[in-house]
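Engineer: In order, the protein sequence lines correspond to chains A and B. The first sequence lines up with residues 1334 to 1545 when you count with the numbering used here. The second sequence lines up with residues 1334 to 1545 when you count with the numbering used here.
Treat the hints with care, since some could be wrong.
Okay, the calculated beta carbon distance ranges per label pair [unchecked claim]:
{"no.": "1", "chain 1": "A", "residue 1": "A1516", "chain 2": "B", "residue 2": "T1494", "range": "46 to 52 Å"}
{"no.": "2", "chain 1": "A", "residue 1": "A1516", "chain 2": "B", "residue 2": "D1530", "range": "47 to 53 Å"}
{"no.": "3", "chain 1": "A", "residue 1": "T1485", "chain 2": "B", "residue 2": "P1522", "range": "51 to 57 Å"}
{"no.": "4", "chain 1": "B", "residue 1": "G1442", "chain 2": "A", "residue 2": "T1494", "range": "43 to 49 Å"}
{"no.": "5", "chain 1": "B", "residue 1": "K1375", "chain 2": "A", "residue 2": "K1425", "range": "35 to 41 Å"}
{"no.": "6", "chain 1": "B", "residue 1": "A1529", "chain 2": "A", "residue 2": "A1520", "range": "24 to 30 Å"}
Calculated from the structure, these hints are not laboratory results. In this text, a Cβ means the ideal position worked out from N, Cα and C, and glycines have one as well.
Read off the chains here:
Number of protein chains: 2
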Amino acid sequence: MAIKVHGNAMSTATQRVLACLNEKGLCYEFVSIDMRAGEHKKEPFTTINPFGQVPGLEDEDLKLFESRAISQYIAYAYADKGTPLVFTDPKKMAIVAVGMEVEAHHFDGPASKLAWELGFKPMMGMVTDDAIAKEHEAQLAKVLDLYEIRLTECKYLSGDTFTLTDLHHLPTVTCLMGTSAKALFDARPHVSAWVADIMARPAWQKVVAKNN
Amino acid sequence: MAIKVHGNAMSTATQRVLACLNEKGLCYEFVSIDMRAGEHKKEPFTTINPFGQVPGLEDEDLKLFESRAISQYIAYAYADKGTPLVFTDPKKMAIVAVGMEVEAHHFDGPASKLAWELGFKPMMGMVTDDAIAKEHEAQLAKVLDLYEIRLTECKYLSGDTFTLTDLHHLPTVTCLMGTSAKALFDARPHVSAWVADIMARPAWQKVVAKNN
């Protein structure tokens, strides 16, 4: 049985999983979940994720949810295929673990809220709340200041090679590059070069192409 | 050089790391960070964590931050010591990865905010915001409903043995057991038995004893 991804092409969390599968060169079947019809809150999807959020993954008898847990599973289970996204050395892997936690607990909050205010809301004919957008821009700027310093020390956030840390950022970064928040990235030369580098990866371009 | 933990005994994130070190039976030096004096926002602490949050960990030349990244490092780097907290089998480990993500993204938000409203605020002479507390109680109840189902399937959240998933919950669960939110756990028999089991672990009792 092939790997099955249950998700929505517009969901950044789904895109994170697809990017990972593409980096590994794995074939998969995509099962589209109609979120407007609330399919993510009903069976059969909730038998994969009882919290009712996309994506879900099936690999033989294994059912997983939470995009960052899925990407880690793919990276370890298919370690011998495609791009190495994790390390076997515990010290090297610890740096990746820190980077993934920083993405989840510092970057993703303001970045996702900004993507909502500046990207999704206008697209759906809703009005951006400028005060909320400014607050999240200020928070994101602080994180990007630390990323700028980090990226003077190494080419990618968790070392000199592309890892899960960088991959986890791709969906939200790409979304923000189509909004006025792009200026926050452009103003920081090392961050800007990193964004250009990771967004150009063929595995990610395949995900982007499906949405256009 | 021994392992050094830079943290604060009152911080739940610091306690998470200490619980992990105790489960592994590792010796460590504890460097107390005076958060009232703002030591976590200044050098030398910010050379370990530029985000200025406790705890930080030093192990020889390695400097880490983010409690859940530190616990993962300890579990992998000292795999042959003490309690096994992770698995080498990718499918078994994937279940732990999902559990850790659920703790971080579903449990910890409402649980930590409730611990603040019902635990820390009264302790510091501040007034609990009942409306906010109720909102977080309702959110936490939904998570605990899913935990109750999960714990009918296996003894611990990520299988039949104690893993990092359970360990990551300990500090906030323990804090809430000293508040009116204890009723949320008591009302669910499998959750209640799980709480009693994990809180009784000698490694955790050592952390609790230091705070009394």
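Engineer: Work down the list of hints and note, for each, if the structure agrees.
Structural biologist: Cross-check of the supplied hints:
no.	hint	in the structure
1	A:A1516 / B:T1494: 46 to 52 Å	50 Å, holds
2	A:A1516 / B:D1530: 47 to 53 Å	52 Å, holds
3	A:T1485 / B:P1522: 51 to 57 Å	54 Å, holds
4	B:G1442 / A:T1494: 43 to 49 Å	33 Å, violated
5	B:K1375 / A:K1425: 35 to 41 Å	29 Å, violated
6	B:A1529 / A:A1520: 24 to 30 Å	53 Å, violated
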